[in-house]
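Asker: Residue numbers (our numbering), protein chains in the order written: chain R, 6 to 119; chain C, 674 to 786.
Please note that the accuracy of each hint is not assured.
As the list claims (entries may be wrong) - Simulated pairs of lysine to aspartate or glutamate, EDC-like, Cα-Cα distance not exceeding 20 Å: (1) Lys-107/R with Asp-728/C; (2) Lys-83/R with Asp-68/R; (3) Lys-722/C with Glu-688/C; (4) Lys-733/C with Glu-715/C; (5) Lys-107/R with Asp-68/R; (6) Lys-20/R with Asp-61/R; (7) Lys-22/R with Asp-61/R; (8) Lys-725/C with Glu-715/C; (9) Lys-750/C with Glu-736/C; (10) Lys-107/R with Glu-25/R; (11) Lys-778/C with Glu-749/C; (12) Lys-750/C with Asp-728/C; (13) Lys-83/R with Asp-62/R; (14) Lys-83/R with Glu-25/R; (15) Lys-725/C with Asp-68/R; (16) Lys-20/R with Asp-91/R; (17) Lys-750/C with Glu-688/C; (18) Lys-778/C with Asp-68/R; (19) Lys-725/C with Glu-749/C; (20) Lys-107/R with Glu-715/C; (21) Lys-722/C with Glu-106/R; (22) Lys-16/R with Asp-91/R; (23) Lys-729/C with Glu-106/R; (24) Lys-733/C with Asp-757/C; (25) Lys-741/C with Asp-757/C; (26) Lys-778/C with Glu-49/R; (27) Lys-722/C with Asp-62/R; (28) Lys-741/C with Glu-715/C; (29) Lys-16/R with Asp-757/C; (30) Lys-107/R with Glu-688/C; (31) Lys-107/R with Glu-49/R; (32) Lys-722/C with Asp-61/R; (33) Lys-729/C with Glu-715/C.
Read the hints as simulated data drawn from the structure, not as lab findings.
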Amino acid sequence: GAGVSQTPSNKVTEKGKYVELRCDPISGHTALYWYRQSLGQGPEFLIYFQGTGAADDSGLPNDRFFAVRPEGSVSTLKIQRTERGDSAVYLCASSEGATNEKLFFGSGTQLSVL
Amino acid sequence: GNSVTQMEGPVTLSEEAFLTINCTYTATGYPSLFWYVQYPGEGLQLLLKATKADDKGSNKGFEATYRKETTSFHLEKGSVQVSDSAVYFCALSVSSGYSTLTFGKGTMLLVSP
Numbered sequence: 006g007a008g009v010s011q012t013p014s015n016k017v018t019e020k021g022k023y024v025e026l027r028c029d030p031i032s033g034h035t036a037l038y039w040y041r042q043s044l045g046q047g048p049e050f051l052i053y054f055q056g057t058g059a060a061d062d063s064g065l066p067n068d069r070f071f072a073v074r075p076e077g078s079v080s081t082l083k084i085q086r087t088e089r090g091d092s093a094v095y096l097c098a099s100s101e102g103a104t105n106e107k108l109f110f111g112s113g114t115q116l117s118v119l
Numbered sequence: 674g675n676s677v678t679q680m681e682g683p684v685t686l687s688e689e690a691f692l693t694i695n696c697t698y699t700a701t702g703y704p705s706l707f708w709y710v711q712y713p714g715e716g717l718q719l720l721l722k723a724t725k726a727d728d729k730g731s732n733k734g735f736e737a738t739y740r741k742e743t744t745s746f747h748l749e750k751g752s753v754q755v756s757d758s759a760v761y762f763c764a765l766s767v768s769s770g771y772s773t774l775t776f777g778k779g780t781m782l783l784v785s786p
């Protein structure tokens, strides 16, 4: 596609529910990143994929958060037992390769946990 | 750890005014430095970057110089336009082999005609 696509753009859920957020990177980009941006803050790193594998998941806040990229393209961020503190904009970014420092960001998914 | 500190906004300017947005950093290694911009309703975009001390990144009339002695990477533009209104994020990366960016909180710039 022309850019990084994230769906849905908005997600409202109830505390305790499970959610999935999808990221479709730019075609051919092997590196994929998830970030979380809370209100009034800059984005914070969550996880990095190179191809199908999670090369660095050190930013995931706890074991309720999990992400997959089974075919090395689309990625899904999964959040179990959501909490109100999980409310944020979840950003996905991709780049041509691991060492390419130019990241292309999607517009994000605004997650609201009521 | 790694961190980035930016001046708080919003920064409000008239068209054609001079812009400076301050950014300082702390890093455990030798970082690359970036400015990203987020226009209303759009995703973050790389504006410019610098990878070593004294390098100057530039794009669209914006400039920033990597100052290792003051651990700074201030963003400047000589004459802002209304279309420059956006949120600007300073960021650094010290990861080896991939770009785990550490961002500042962002500075909103509002330019009036």
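Asker: Give a verdict on every hint.
Answerer: How the hints compare with the structure:
1. Lys-107/R with Asp-728/C: holds (17 Å)
2. Lys-83/R with Asp-68/R: holds (10 Å)
3. Lys-722/C with Glu-688/C: With Cα atoms ~25 Å apart, Lys-722/C and Glu-688/C exceed 20 Å; violated.
4. Lys-733/C with Glu-715/C: Within the cut-off at roughly 17 Å; holds.
5. Lys-107/R with Asp-68/R: violated (29 Å)
6. Lys-20/R with Asp-61/R: Outside the cut-off at roughly 28 Å; violated.
7. Lys-22/R with Asp-61/R: Since the Cα atoms of Lys-22/R and Asp-61/R sit roughly 26 Å apart, the hinted pair is violated (cutoff 20 Å).
8. Lys-725/C with Glu-715/C: violated (29 Å)
9. Lys-750/C with Glu-736/C: Given pair Lys-750/C, Glu-736/C holds - Cα atoms ~6 Å apart, limit 20 Å.
10. Lys-107/R with Glu-25/R: Not satisfied, since the Cα-Cα distance of roughly 26 Å exceeds 20 Å.
11. Lys-778/C with Glu-749/C: Given that 20 Å is the threshold and the Cα spacing comes to 18 Å, the pair holds.
12. Lys-750/C with Asp-728/C: The hint holds at about 17 Å.
13. Lys-83/R with Asp-62/R: At roughly 13 Å apart (the allowed maximum being 20 Å), Asp-62/R and Lys-83/R satisfy the hint.
14. Lys-83/R with Glu-25/R: Distance of about 5 Å is within 20 Å: holds.
15. Lys-725/C with Asp-68/R: Violated. Lys-725/C to Asp-68/R sits at ~37 Å, over the 20 Å cutoff.
16. Lys-20/R with Asp-91/R: holds (9 Å)
17. Lys-750/C with Glu-688/C: This hinted pair holds, its Cα atoms lying about 11 Å apart.
18. Lys-778/C with Asp-68/R: Given that 20 Å is the threshold and the Cα spacing comes to 26 Å, the pair is violated.
19. Lys-725/C with Glu-749/C: Cα-Cα ~18 Å, so holds.
20. Lys-107/R with Glu-715/C: holds (17 Å)
21. Lys-722/C with Glu-106/R: Given that 20 Å is the threshold and the Cα spacing comes to 9 Å, the pair holds.
22. Lys-16/R with Asp-91/R: Judged against 20 Å, a Cα distance of about 12 Å means the pair holds.
23. Lys-729/C with Glu-106/R: Satisfied, since the Cα-Cα distance of roughly 16 Å is no more than 20 Å.
24. Lys-733/C with Asp-757/C: Between Lys-733/C and Asp-757/C the Cα gap is close to 10 Å, so the pair holds against 20 Å.
25. Lys-741/C with Asp-757/C: violated (27 Å)
26. Lys-778/C with Glu-49/R: holds (10 Å)
27. Lys-722/C with Asp-62/R: Status violated; Cα separation ~25 Å.
28. Lys-741/C with Glu-715/C: violated (32 Å)
29. Lys-16/R with Asp-757/C: violated (30 Å)
30. Lys-107/R with Glu-688/C: violated (29 Å)
31. Lys-107/R with Glu-49/R: It holds: about 17 Å lies between the C-alpha atoms, which stays within 20 Å.
32. Lys-722/C with Asp-61/R: Judged against 20 Å, a Cα distance of about 23 Å means the pair is violated.
33. Lys-729/C with Glu-715/C: violated (26 Å)
Violated hints, listed in ascending order, are 3, 5, 6, 7, 8, 10, 15, 18, 25, 27, 28, 29, 30, 32 and 33; each of the other numbered hints is respected by the structure.
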